[in-house]
Amino acid sequence: MITAARYELRMMLRKRSLWVSLGVIVVLLAAVGSQQVREVIRQDDPKGTMLSGALLVNIFLPVAYGCLLADRLVRDHRLGVAAILDATPASPVARLTGKYLGVCAAVTAPVALAYFGFAVAYAIASGRFAALGWALAAFALVLLPAVLFVGAFALAVPLVVPAPLFRVLFVGYWFWGNSITPDTMPTLAHSIVTPIGSYPMQELLGFRIRGGETIAGPVPGAALNFLRPEATPVTAWLSIGVLLVLAALALAAASVRPRR
Amino acid sequence: MRIDIDRLTKRYRGGVTALDGLSLEVPTGMFGLLGANGAGKTTLMRILAGLLRPTGGSVRVGEHDVTTRAGRAAVRRVLGYLPQELGVYPDLSAREFLDYVALLKGIDDRTERRRRVGEVLEIVALAGDAGRKLKGYSGGMRRRVGIAQALLAGPRLLIVDEPTAGLDPEERIRFRTLLAQLAGDRTVLLSTHIVDDVAQTCRELAVLASGALVFRGTVEELTSRASDRVWSVITAGPAPTGGTIVSAVPHAAGMRYRVVAPVSPAAGAETVEPNLEDGYLALVK
Amino acid sequence: MRPLALWRHEIRRAGRAPVLGPPLLAGALVVITWADHPLRNLFVFLELGLPLTAGLGAAALAGRDPAAELQFTMPTAYRSTLMRRLAVIAAWTALVAVAISAVLLVADGWPGTRGPVAGQLTWLAPGLWLGAFGLLAGAALRIPAAASGIVAVLWLVEQLFGGAFQQHFVMKQLFLFATTQGAAPEEWAVNRLTLIGTAVVLGAGGWLLSGRSYQEESE
Numbered sequence: 013m014i015t016a017a018r019y020e021l022r023m024m025l026r027k028r029s030l031w032v033s034l035g036v037i038v039v040l041l042a043a044v045g046s047q048q049v050r051e052v053i054r055q056d057d058p059k060g061t062m063l064s065g066a067l068l069v070n071i072f073l074p075v076a077y078g079c080l081l082a083d084r085l086v087r088d089h090r091l092g093v094a095a096i097l098d099a100t101p102a103s104p105v106a107r108l109t110g111k112y113l114g115v116c117a118a119v120t121a122p123v124a125l126a127y128f129g130f131a132v133a134y135a136i137a138s139g140r141f142a143a144l145g146w147a148l149a150a151f152a153l154v155l156l157p158a159v160l161f162v163g164a165f166a167l168a169v170p171l172v173v174p175a176p177l178f179r180v181l182f183v184g185y186w187f188w189g190n191s192i193t194p195d196t197m198p199t200l201a202h203s204i205v206t207p208i209g210s211y212p213m214q215e216l217l218g219f220r221i222r223g224g225e226t227i228a229g230p231v232p233g234a235a236l237n238f239l240r241p242e243a244t245p246v247t248a249w250l251s252i253g254v255l256l257v258l259a260a261l262a263l264a265a266a267s268v269r270p271r272r
Numbered sequence: 355m356r357i358d359i360d361r362l363t364k365r366y367r368g369g370v371t372a373l374d375g376l377s378l379e380v381p382t383g384m385f386g387l388l389g390a391n392g393a394g395k396t397t398l399m400r401i402l403a404g405l406l407r408p409t410g411g412s413v414r415v416g417e418h419d420v421t422t423r424a425g426r427a428a429v430r431r432v433l434g435y436l437p438q439e440l441g442v443y444p445d446l447s448a449r450e451f452l453d454y455v456a457l458l459k460g461i462d463d464r465t466e467r468r469r470r471v472g473e474v475l476e477i478v479a480l481a482g483d484a485g486r487k488l489k490g491y492s493g494g495m496r497r498r499v500g501i502a503q504a505l506l507a508g509p510r511l512l513i514v515d516e517p518t519a520g521l522d523p524e525e526r527i528r529f530r531t532l533l534a535q536l537a538g539d540r541t542v543l544l545s546t547h548i549v550d551d552v553a554q555t556c557r558e559l560a561v562l563a564s565g566a567l568v569f570r571g572t573v574e575e576l577t578s579r580a581s582d583r584v585w586s587v588i589t590a591g592p593a594p595t596g597g598t599i600v601s602a603v604p605h606a607a608g609m610r611y612r613v614v615a616p617v618s619p620a621a622g623a624e625t626v627e628p629n630l631e632d633g634y635l636a637l638v639k
Numbered sequence: 401m402r403p404l405a406l407w408r409h410e411i412r413r414a415g416r417a418p419v420l421g422p423p424l425l426a427g428a429l430v431v432i433t434w435a436d437h438p439l440r441n442l443f444v445f446l447e448l449g450l451p452l453t454a455g456l457g458a459a460a461l462a463g464r465d466p467a468a469e470l471q472f473t474m475p476t477a478y479r480s481t482l483m484r485r486l487a488v489i490a491a492w493t494a495l496v497a498v499a500i501s502a503v504l505l506v507a508d509g510w511p512g513t514r515g516p517v518a519g520q521l522t523w524l525a526p527g528l529w530l531g532a533f534g535l536l537a538g539a540a541l542r543i544p545a546a547a548s549g550i551v552a553v554l555w556l557v558e559q560l561f562g563g564a565f566q567q568h569f570v571m572k573q574l575f576l577f578a579t580t581q582g583a584a585p586e587e588w589a590v591n592r593l594t595l596i597g598t599a600v601v602l603g604a605g606g607w608l609l610s611g612r613s614y615q616e617e618s619e
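Residue numbers (this note's numbering), protein chains in the order written: chain A, 13 to 272; chain B, 355 to 639; chain C, 401 to 619.
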């Protein structure tokens with residue numbers, strides 16, 4: 013498993029597409045969304061800055077790495093590597109887990125580079141080094157669970173639907189399930205299954221949008237409120253746990269389903 | 355259709371030199387290209403097919419200069435090409451795939467297309483399986499589809515890269531015979547590392563090593579390179595160490611070794627008649 | 401004019417994503433919002449969903465052909481083949497858009513602000529723009545996964561930073577979702593025509609890059 017993870021990580025980090033696409037996207041975000049990026053930065057508030065930054069990263073970058081990872085598992089089959097690996101003593105489950113951890117580690121690298129780069133730049137410019145601590149916490153509690161969740165589905169679902177179709181459906185889902193306000197239409201946003209990490213962001217890290225709006229918990233009059241329990245630290249941990257369980261279920265399904 | 359290659363060089367990004375000042379003239383008819391893996395055969399094939407542009411030198415296929423865009427376009431109109439690794443569309447049946455390739459080759463008339471597709475399917479003995487999707491085909495069957503598509507549109511230049519890889523012995527013999535039959539007024543360039551395929555089909559051949567030409571001549575000339583250098587040794591002891599062992603066959607008195615070596619590799623060794631494989635080994639070793 | 405048989409093959413080669421994507425997304429949207437203004441959301445889908453599927457479909461065209469080596473040896477230029485596949489995506493997107501428009505008109509769900517003819521620019525302008533951008537990204541990178549990611553993030557950025565786009569003069573003209581995010585009527589037409597104009601430029605860039613040789617493709 014560790015060997016599979018190490019090789020997958022090495023292969024992914026060598027992929028030009030990983031760095032080119034995430035690099036272009038970070039530049040795109042900085043250029044097109046420069047005003048929003050500026051709004052994120054609060055000179056006197058390292059915590060608010062780091063958490064807003066984490067939210068921004070978690071809204072956009074998973075779309076990119078979800079698209080990137082969509083063909084990693086089916087590709088092994090297409091290239092004939094799967095048949096060779098099937099003949100090795102390593103168990104398929106261990107190999108799949110290793111591959112999964114490898115691709116997650118690989119996409120974590122550019123995400124971490126972008127986010128911690130921002131954190132270090134902010135800390136140096138503002139002299140508020142507490143930002144680095146908040147960045148670490150947000151990374152562990154918000155960005156990492158999103159990587160693990162998206163990584164699992166991006167590996168597993170293309171075994172059932174073609175990778176290009178998965179990308180279309182995934183982008184649609186991501187927008188609908190994370191960015192639509194719940195009073196507009198039935199959505200998973202603000203719920204414990206929201207992979208942008210609304211609950212941990214709000215309850216474990218104390219994040220509030222400017223103006224004091226909440227991003228987790230029940231929304232009066234909204235559909236699917238059963239997925240939005242009262243936001244507390246317990247439900248925040250539950251949210252992380254649910255995301256990880258869903259990721260594990262997706263991987264388990266992938267390990268039993270024969271490859272297309 | 356004659357091919358003239360003059361001081362052809364191909365250097366890839368990263369500095370790997372695949373072809374190093376190669377000059378070669380290929381006449382109309384069947385012509386073999388031998389060489390170890392990495393000798394530059396596939397690069398040469400791809401340059402001739404217009405897929406790669408050379409770093410230096412010139413290549414003329416008939417009247418066309420393949421270093422120019424117009425020349426490459428002209429060659430594509432008379433070319434049948436079988437790549438070493440043939441990618442296909444797995445969701446298509448063999449008949450659909452060939453129909454598509456025929457359209458891409460400009461056979462727009464439906465009746466003509468059906469006739470040509472039917473003909474090539476018969477030639478490669480796939481008519482009975484033509485309705486099955488390619489994803490269910492074995493490696494050998496896919497290879498035959500590759501051969502069939504190369505034959506569509508009656509190419510005047512046929513470039514086939516390792517065409518018999520993956521074919522069973524019967525298919526291999528049938529296919530190389532077919533290639534030899536096709537090479538009347540056509541040029542058929544057969545690239546392979548299976549020496550026997552060249553021995554059975556070509557009169558003339560070239561041998562590449564490390565991107566350079568090391569032999570150009572007839573099959574007999576290459577075979578004669580091993581004259582008085584092929585030895586048969588029967589021994590119950592260790593294998594002979596001098597020269598290159600071509601084969602080792604169990605024998606009542608131990609093992610019978612066939613060895614290519616400039617001098618007798620062991621006591622009691624007898625010279626035997628060389629074949630093309632011996633000649634090739636004598637040349638490259 | 402090439403035979404219809406060639407187009408039939410290219411319809412299959414254009415990929416399932418741009419063909420199945422629009423009906424699947426539109427269907428999901430209608431089901432999710434069935435109890436609350438499904439027709440209004442279907443109209444929103446014209447401007448949001450269809451350009452997204454067209455853009456992602458175009459981004460995945462170059463760089464994923466398993467028979468690319470063979471294609472590059474054909475008398476039919478590979479660029480023409482890619483353009484045919486792009487045309488299939490465009491035609492299907494248009495067909496779905498017109499069908500949705502017809503449903504909205506019949507069910508009295510077409511917004512009164514623009515007529516049904518001029519209103520087709522709701523999907524046509526952003527669809528052409530994102531399709532052309534997808535073609536350019538795909539042809540430049542030759543890696544469908546990377547090009548798709550870039551198209552998807554651009555779509556999301558425009559969607560979520562709509563306010564910022566509307567405030568900046570140049571960005572306002574290039575804003576993809578001016579209809580559903582409430583552009584002023586006099587600015588809407590300018591925005592749509594600018595999108596179509598810049599789509600032509602992006603498409604020309606994509607066309608140029610898609611003519612690269614097998615050598616450039618493989619290196």
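If you're looking for bench data, these hints aren't it; they were derived computationally from the structure. Glycine included, every Cβ here is placed at the ideal spot set by N, Cα and C. Hints should not be assumed to be uniformly reliable.
[What the hints assert, rightly or not] Counterexamples of contact, computed for chain C against chain A with all Cβ distances above 10 Å: (1) Asn441; (2) Trp555; (3) Ala589; (4) Thr594.
[Claimed, not checked] A partial selection of chain A residues facing chain C, derived with a Cβ cut-off under 10 Å: (5) Lys27; (6) Leu34; (7) Leu40; (8) Leu41; (9) Leu81; (10) Ala149; (11) Phe151; (12) Ala152; (13) Val173; (14) Ala175; (15) Val180; (16) Leu181; (17) Thr199; (18) Pro232; (19) Trp249; (20) Gly253.
[Said to hold, decoys possible] If the Cβ cut is set under 7 Å, some of the chain A residues that face chain C in the computed set are: (21) Arg26; (22) Ser29; (23) Trp31; (24) Leu68; (25) Phe72; (26) Val75; (27) Ala76; (28) Leu171; (29) Val172; (30) Pro174; (31) Pro176; (32) Leu177; (33) Val183; (34) Gly184.
Those earlier numbered hints the structure runs against, lowest number first: 1, 2, 10, 11, 12, 18, 19, 20, 21, 23, 24, 28, 29
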